[in-house]
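Residue numbers (my numbering), protein chains in the order written: chain A, 1 to 176; chain B, 1 to 208.
Calculated from the structure, these hints are not laboratory results. Hints may be right or wrong, so weigh each one.
Computed cross-link-like contacts, BS3-like style, restricted to lysine-lysine with a CA-CA straight-line distance of at most 25 angstroms [said to hold, decoys possible]:
#1 B:K28 x A:K132
#2 A:K49 x A:K167
#3 B:K81 x A:K167
#4 B:K28 x B:K70
#5 B:K56 x A:K138
#6 B:K28 x A:K172
#7 A:K138 x A:K172
#8 A:K49 x A:K117
#9 A:K63 x A:K32
#10 A:K167 x B:K28
#11 A:K63 x A:K74
#12 B:K28 x A:K49
#13 A:K117 x A:K63
#14 A:K132 x B:K70
#15 A:K48 x B:K70
Computed from the model, here is a short list of chain B residues facing chain A with C-beta under 8 angstroms [to be verified]:
#16 Q48
#17 I158
#18 F161
#19 T188
#20 G189
#21 S192
Being a predicted model, the structure only gives us computed values, none of them experimental. Every residue gets a Cβ at the ideal spot worked out from N, C-alpha and C, and that includes glycine.
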Amino acid sequence: MEKKALGVKLILVQVIILVSIIIGYEMLMRKKTVYVDSARVFNEFRMKKELENNFNSIQMERKNYLDSVELRLKLTGQRINESKTVSDGILADFDMQKEEFFKRKQEFEEMDNSLMKRYNDQIWDRIHQYAKEYGAHKRYAYIFGLTEASSILYANEGEDITQEFIKVINSKYEGR
Amino acid sequence: MKADNIPLILIAVLSLSIITFLGCSGQKRVSQEEYITWVNNAENGLVQEQVVGDYKFSFQYLPAEYMALKELMASEIMPTKPVFDSVLNNYRGLQYGVMKIGALIEGGDVLKQSITSEAEYFERIQYYTTIVPRDIFIVKGNDTLNCAMHHFERTFSISSFNTIMLGFENNSDSNDQIVVYDDQVLGTGKISFFISREALSNIPLIEF
Chain A
1 MEKKALGVKL ILVQVIILVS IIIGYEMLMR KKTVYVDSAR VFNEFRMKKE
51 LENNFNSIQM ERKNYLDSVE LRLKLTGQRI NESKTVSDGI LADFDMQKEE
101 FFKRKQEFEE MDNSLMKRYN DQIWDRIHQY AKEYGAHKRY AYIFGLTEAS
151 SILYANEGED ITQEFIKVIN SKYEGR
Chain B
1 MKADNIPLIL IAVLSLSIIT FLGCSGQKRV SQEEYITWVN NAENGLVQEQ
51 VVGDYKFSFQ YLPAEYMALK ELMASEIMPT KPVFDSVLNN YRGLQYGVMK
101 IGALIEGGDV LKQSITSEAE YFERIQYYTT IVPRDIFIVK GNDTLNCAMH
151 HFERTFSISS FNTIMLGFEN NSDSNDQIVV YDDQVLGTGK ISFFISREAL
201 SNIPLIEF
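Only chain A is shown next, with the shape it has when bound in the complex:
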């Protein structure tokens, strides 16, 4: 009788261990859903900071050029206004310079917009690529990007991997 009871107990223990292993394995293999604060990831990504510096220096060069042309135009305009007789040739030349200035200004604005778009696309492409690699490595089912406009209204803070993800993408960007 005692032997039978012991046997039943042993089977019970074995079943409990087996169930625990199955549950443990299931939990270990379960793919997790995490999220990052997209704006923070973007702003703290080293690539963004570098390209922003590039963009600012290019924009500054263009602005300096336009400022100097504008100043020259203002001085010429002032001289024309102050002088009593101005030849048609000087006026035509002045108008042409003004037209050239506005054309160049518009060109620079378009180039700035296009460069900013190109840089933004490059940065997001890179973030997506690194997210893909990191997500696969960590076996995540999804990495959601939270923005102010996103449709996710609540997310548990425990699933927030923003800080860790920023560290990973900056490290990957350095080739590590």
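Please build the complex by placing chain B on the supplied structure of chain A, with the hints as guidance.
Coordinates of chain B only, in the frame set by chain A:
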């Protein structure tokens, strides 16, 4: 402890230290074939890969010894130590690497991938044959080591990747190295490859 035993103990400790030092110095000696295999093995840290956008970039650090050995192997000259040393002298002073850029789209050609005009195709050829050294460099500690020589191999769509052989300035630092390719034509942005100090110090010596 007897005073007579002290010299013996000192000798034993010294011998043990020398053996330990030699054992831990990291640079093992391998045959010529093993050396080539070691350098080509990505697990040893001299080969780095990255996928960005539609392109796959890889960089392989090539020690001067590798270059010399490859040259001798290609010319089918028996690489004895004196011959090897004389060839190696030609490679000293620079450090070498090979960068491969591949198109991920099947049948893709790096020079043609995502281009919108024929002019863009020629612009890429011009870039890779002449301008690219300006955009590839090594960051080692506080130094930037410029690309001193390069050779771009065209594959005429036979292969899905293009190869650029590179030679960089060298310095005596034993720091980690970050090889930077600041792309200007593919639209990927900057790509970095990290070659660790450990990987460099683990490069084996060639046995003759």
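Hints versus structure:
1. B:K28 x A:K132: violated, 38 angstroms
2. A:K49 x A:K167: Distance ~14 angstroms between K49 (chain A) and K167 (chain A) Cα, so the pair holds.
3. B:K81 x A:K167: Judged against 25 angstroms, a Cα distance of about 47 angstroms means the pair is violated.
4. B:K28 x B:K70: The hint holds at about 20 angstroms.
5. B:K56 x A:K138: OK: K56 (chain B) and K138 (chain A) at ~22 angstroms, within 25 angstroms.
6. B:K28 x A:K172: violated, 30 angstroms
7. A:K138 x A:K172: Holds - the C-alpha atoms of K172 (chain A) and K138 (chain A) are around 15 angstroms apart, at most 25 angstroms.
8. A:K49 x A:K117: Holds, at about 15 angstroms.
9. A:K63 x A:K32: The hint is violated at about 49 angstroms.
10. A:K167 x B:K28: Since the Cα atoms of K167 (chain A) and K28 (chain B) sit roughly 35 angstroms apart, the hinted pair is violated (cutoff 25 angstroms).
11. A:K63 x A:K74: Holds: K63 (chain A) and K74 (chain A) sit about 16 angstroms apart, inside 25 angstroms.
12. B:K28 x A:K49: violated, 43 angstroms
13. A:K117 x A:K63: Measuring from Cα to Cα gives roughly 19 angstroms; hence the hint holds.
14. A:K132 x B:K70: violated, 38 angstroms
15. A:K48 x B:K70: Roughly 41 angstroms separates the two Cα atoms, so the pair is violated.
16. Q48: holds, 6 angstroms
17. I158: This hint is violated: I158 (chain B) lies away from chain A, its Cβ roughly 28 angstroms from the closest one there, beyond 8 angstroms.
18. F161: Hint on F161 (chain B): violated, closest Cβ of chain A at ~18 angstroms, above 8 angstroms.
19. T188: Since the shortest Cβ distance to chain A is 7 angstroms, the answer is holds.
20. G189: Interface hint status for G189 (chain B): holds (4 angstroms vs cutoff 8 angstroms).
21. S192: It holds, given that the least Cβ distance between S192 (chain B) and chain A is near 3 angstroms, below 8 angstroms.
In summary, the structure is inconsistent with hints 1, 3, 6, 9, 10, 12, 14, 15, 17, 18 from the numbered list given earlier, while agreeing with the others.
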